[in-house]
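2 protein chains.
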Amino acid sequence: MDTITIPTAADMHIHLRQGVLMNMVTPAVAEGGVSICYVMPNLQPTIANTEMALAYKAQLEQLAPNVTFYMSLYLNPDLTPDEIRKAAKAGVRGVKSYPRGVTTNSESGIESYDVYYPVFKAMEETGMVLNLHGEVPSDAEKNICVMNAEEKFLSHLKEIHLAFPKLKIILEHATTEAAVNMVKSLGDTVGCTITVHHLQLIVDDWAGKCHNFCKPVAKFPSDRAALRKVVQEGHPRFFLGTDSAPHPSHKKEGPDSCAGVFTTPLVLPYLATILESYGALDRLQGFACDFGRAFYEVKDEKWKGTVTLARENWNTPAKYSFGDSSVQGSEFGDVIPFMAGKQLGWKIVSIV
Amino acid sequence: MDTITIPTAADMHIHLRQGVLMNMVTPAVAEGGVSICYVMPNLQPTIANTEMALAYKAQLEQLAPNVTFYMSLYLNPDLTPDEIRKAAKAGVRGVKSYPRGVTTNSESGIESYDVYYPVFKAMEETGMVLNLHGEVPSDAEKNICVMNAEEKFLSHLKEIHLAFPKLKIILEHATTEAAVNMVKSLGDTVGCTITVHHLQLIVDDWAGKCHNFCKPVAKFPSDRAALRKVVQEGHPRFFLGTDSAPHPSHKKEGPDSCAGVFTTPLVLPYLATILESYGALDRLQGFACDFGRAFYEVKDEKWKGTVTLARENWNTPAKYSFGDSSVQGSEFGDVIPFMAGKQLGWKIVSIV
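If you're matching them up, the sequences are chains C and U in order. Everything in the first sequence is counted per the UniProt record's numbering, starting at 1 for the first residue and increasing by one. Everything in the second sequence is counted per the UniProt record's numbering, starting at 1 for the first residue and increasing by one.
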């Protein structure tokens, strides 16, 4: 098999940023073979209501008119059931919960999901999706750190699911065998996104290597094996959400590295290469194109095309530049992509 | 208590480097309140025999005439029992085993300690110390990664100890509860060094923070708690070995960060501050001064003085410069110390 032809992909978890970085990243979505994506709301300020989501969407559509952008709100204490109903009517697809957003208003941290139950109820009624960043805050007294913060979160996922069995919930960017097992054990309303980079990395790969550092961190080889396996099984509730999170290289290479791996412009070449490396290339379409669309019940896509990848050894770019260094006072820089300068085995040759 | 007066300390695991970096680091040993240290042999080329160790020692003594330098050889396939006897006679105190040194000559990795048994026998007979970097190589098939590489090594420690019960062995820079328990369970010939930074850091602290990245990596909160506890117990086989490992800042802050934390110039201020933070300040002298000397049976110290620390809040330097940027073509740069620019609660006020 020397070519693969599949529908344009669905990336159900993406960071598209703002300003000059957004200007570079947003057109790159289609370059990576993706025609629909679910956009994270953690901007500055965060996307807290319907108006903000629609204004952001308009900006994105100007940059990439063919791409369908599914918008989300940032879960926050000011979000009301009324706002949920308004957002749903306006086409906003879901609400993202970050652990920080939860802990801000609670002594006891993540336990305070209770206060959001009226919001979750409205989401369940209107078909909105709840996207969970599934980590509890680190706490040395409880032996919680970045290596087990996801596993310690899973009981909360189960609890919310049991309280709202018809609410669609996605455990985002799963990194552990425990997460895979938990999601499998729950009902059909619970899905799980898996990133490109978590199918490739383990803890060793981000130890001292800032461009592979992201949250949740990549974990044990057995965790990576579980993620790979569930994709290989073709489980329909596990699908692509890259969590592609571009940062300027000077914010990655320094004493305090920003968390995030940038995969947007090369999503399908990465995935084809990685899946083939463990014999799961036949799952590319299901994982990257079909299952995410099915979970979100996508019916309103602006455009859905066809991508052809060809077998070819080639090296990824060392960087992607953004901004214009010739404009005085403007922001500019480079973003280092995942596997920068490394060899991939598949290349996109056409998107029609 | 506003001052502490103790003997000058013993740092039983230190990297003093070569060239202009050595010129900066070596005089800093005494600044940190240390008068005797055990010097690692991983130079380029590695310290492979007695002559090389003595030549390196002479360089160090020129830079710090009052400090006692205990020298070590790098365990390697060319090291013979005869060379061990020669080294012992010349005052070389031990042999350091790195996992890489072991795996170079063996398909099956660390199992090949067997081939060194004649060397270990000669070491046992001559009173040389075996210093083990206690990690097995990462191996995804066996689910071994940087987070459990130390724990997986411990059976090898036990095996060598049982084969050579009179051989003094040190598990260097322990980072796990499992290591503490194993060392405790073995005989009095088995010691364990603990670094300054592993008493302070967990995995979260090096995730994206290159200046806290070292090998073995800092692990779970429960592991740090076990290290702190064994120091607090005053267990005499657990003592200071900083593994202070300076790297130029440009080799830390980049895509591929060198492993190592630099603590040499501030060893006792760091330790007093950290031990006090969990109520173990009364163990400073035992841990930092007495137990290491006792394990190595130090009798030939060139100079042993008295350090006084005073309670004072002050901020550590942001960097230590080395080399001379005005000399064309020469190497120069900065080393960022542990807790750079952060507040410590104790300061050395005199060393006499």
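Be a bit skeptical, because a hint or two may be false.
Identical copies go unnamed one by one, so any copy, or any two together, can satisfy a pair.
[Claimed, not checked] For lysine to aspartate or glutamate, the following EDC-like pairs were computed, each having C-alpha atoms within a straight-line distance of at most 16 angstroms: (1) K158 x E31; (2) K299 x E159; (3) K57 x D282; (4) K215 x D204; (5) K89 x D188; (6) K158 x D114; (7) K215 x D205; (8) K209 x E253; (9) K121 x D256; (10) K342 x D256; (11) K229 x E141; (12) K251 x E301; (13) K142 x D204; (14) K304 x E125; (15) K215 x E312; (16) K299 x D334; (17) K209 x D256; (18) K142 x D256; (19) K347 x E276; (20) K209 x D114.
To be clear, the hints were calculated from the coordinates, so they are not data collected in a lab.
Verification of the hints:
1. Proximity of K158 and E31 under a CA criterion of 16 angstroms is satisfied in neither setting, with 37 angstroms inside one chain copy and 55 angstroms between copies.
2. Proximity of K299 to E159 under the C-alpha cut-off of 16 angstroms is found in neither arrangement, the shortest distances being 30 angstroms within a copy and 64 angstroms between copies.
3. Taking identical chains as interchangeable, the C-alpha atoms of K57 and D282 are never at most 16 angstroms apart, the minima being 33 angstroms within one chain and 61 angstroms between chains.
4. Taking the closest pair of Cα atoms, K215 and D204 come within 16 angstroms of each other both inside a single copy (15 angstroms) and across two copies (11 angstroms).
5. Neither within a single protomer nor between protomers do K89 and D188 lie at most 16 angstroms apart by alpha-carbon distance, with minima of 24 angstroms and 73 angstroms respectively.
6. Taking CA atoms no more than 16 angstroms apart as the test, K158 paired with D114 passes inside one copy only; the shortest distance there is 13 angstroms, against 50 angstroms between copies.
7. Proximity of K215 and D205 under a CA criterion of 16 angstroms is satisfied in both settings, with 13 angstroms inside one chain copy and 13 angstroms between copies.
8. Taking identical chains as interchangeable, the C-alpha atoms of K209 and E253 lie at most 16 angstroms apart whether they share a chain (9 angstroms) or sit on different chains (10 angstroms).
9. When the C-alpha separation of K121 and D256 is checked against a cutoff of 16 angstroms, the pair qualifies neither within a copy, at 39 angstroms, nor between copies, at 47 angstroms.
10. For the identical chains of this complex, K342 and D256 are inter-copy neighbours only, at 14 angstroms across copies versus 25 angstroms inside a copy, given an alpha-carbon limit of 16 angstroms.
11. For the identical chains of this complex, K229 and E141 are inter-copy neighbours only, at 14 angstroms across copies versus 34 angstroms inside a copy, given an alpha-carbon limit of 16 angstroms.
12. When the C-alpha separation of K251 and E301 is checked against a cutoff of 16 angstroms, the pair qualifies neither within a copy, at 35 angstroms, nor between copies, at 47 angstroms.
13. Only between protomers do K142 and D204 lie at most 16 angstroms apart by alpha-carbon distance; the minimum there is 14 angstroms, versus 24 angstroms within a single protomer.
14. Proximity of K304 to E125 under the C-alpha cut-off of 16 angstroms is found in neither arrangement, the shortest distances being 28 angstroms within a copy and 76 angstroms between copies.
15. Proximity of K215 to E312 under the C-alpha cut-off of 16 angstroms is found in neither arrangement, the shortest distances being 31 angstroms within a copy and 37 angstroms between copies.
16. Taking the shortest alpha-carbon separations for K299 and D334, neither the intra-copy value of 36 angstroms nor the inter-copy value of 58 angstroms comes in at or below 16 angstroms.
17. For the homomeric pair K209 and D256, the shortest alpha-carbon distances inside one copy (12 angstroms) and between copies (5 angstroms) are both at most 16 angstroms.
18. In the homo-oligomer, the alpha carbons of K142 and D256 never lie at most 16 angstroms apart, since the shortest distance is 25 angstroms inside one protomer and 32 angstroms across protomers.
19. Taking CA atoms no more than 16 angstroms apart as the test, K347 paired with E276 passes inside one copy only; the shortest distance there is 13 angstroms, against 58 angstroms between copies.
20. In this homomeric assembly, K209 and D114 never come within 16 angstroms of each other (Cα to Cα): the closest approach is 38 angstroms inside a single copy and 34 angstroms across copies.
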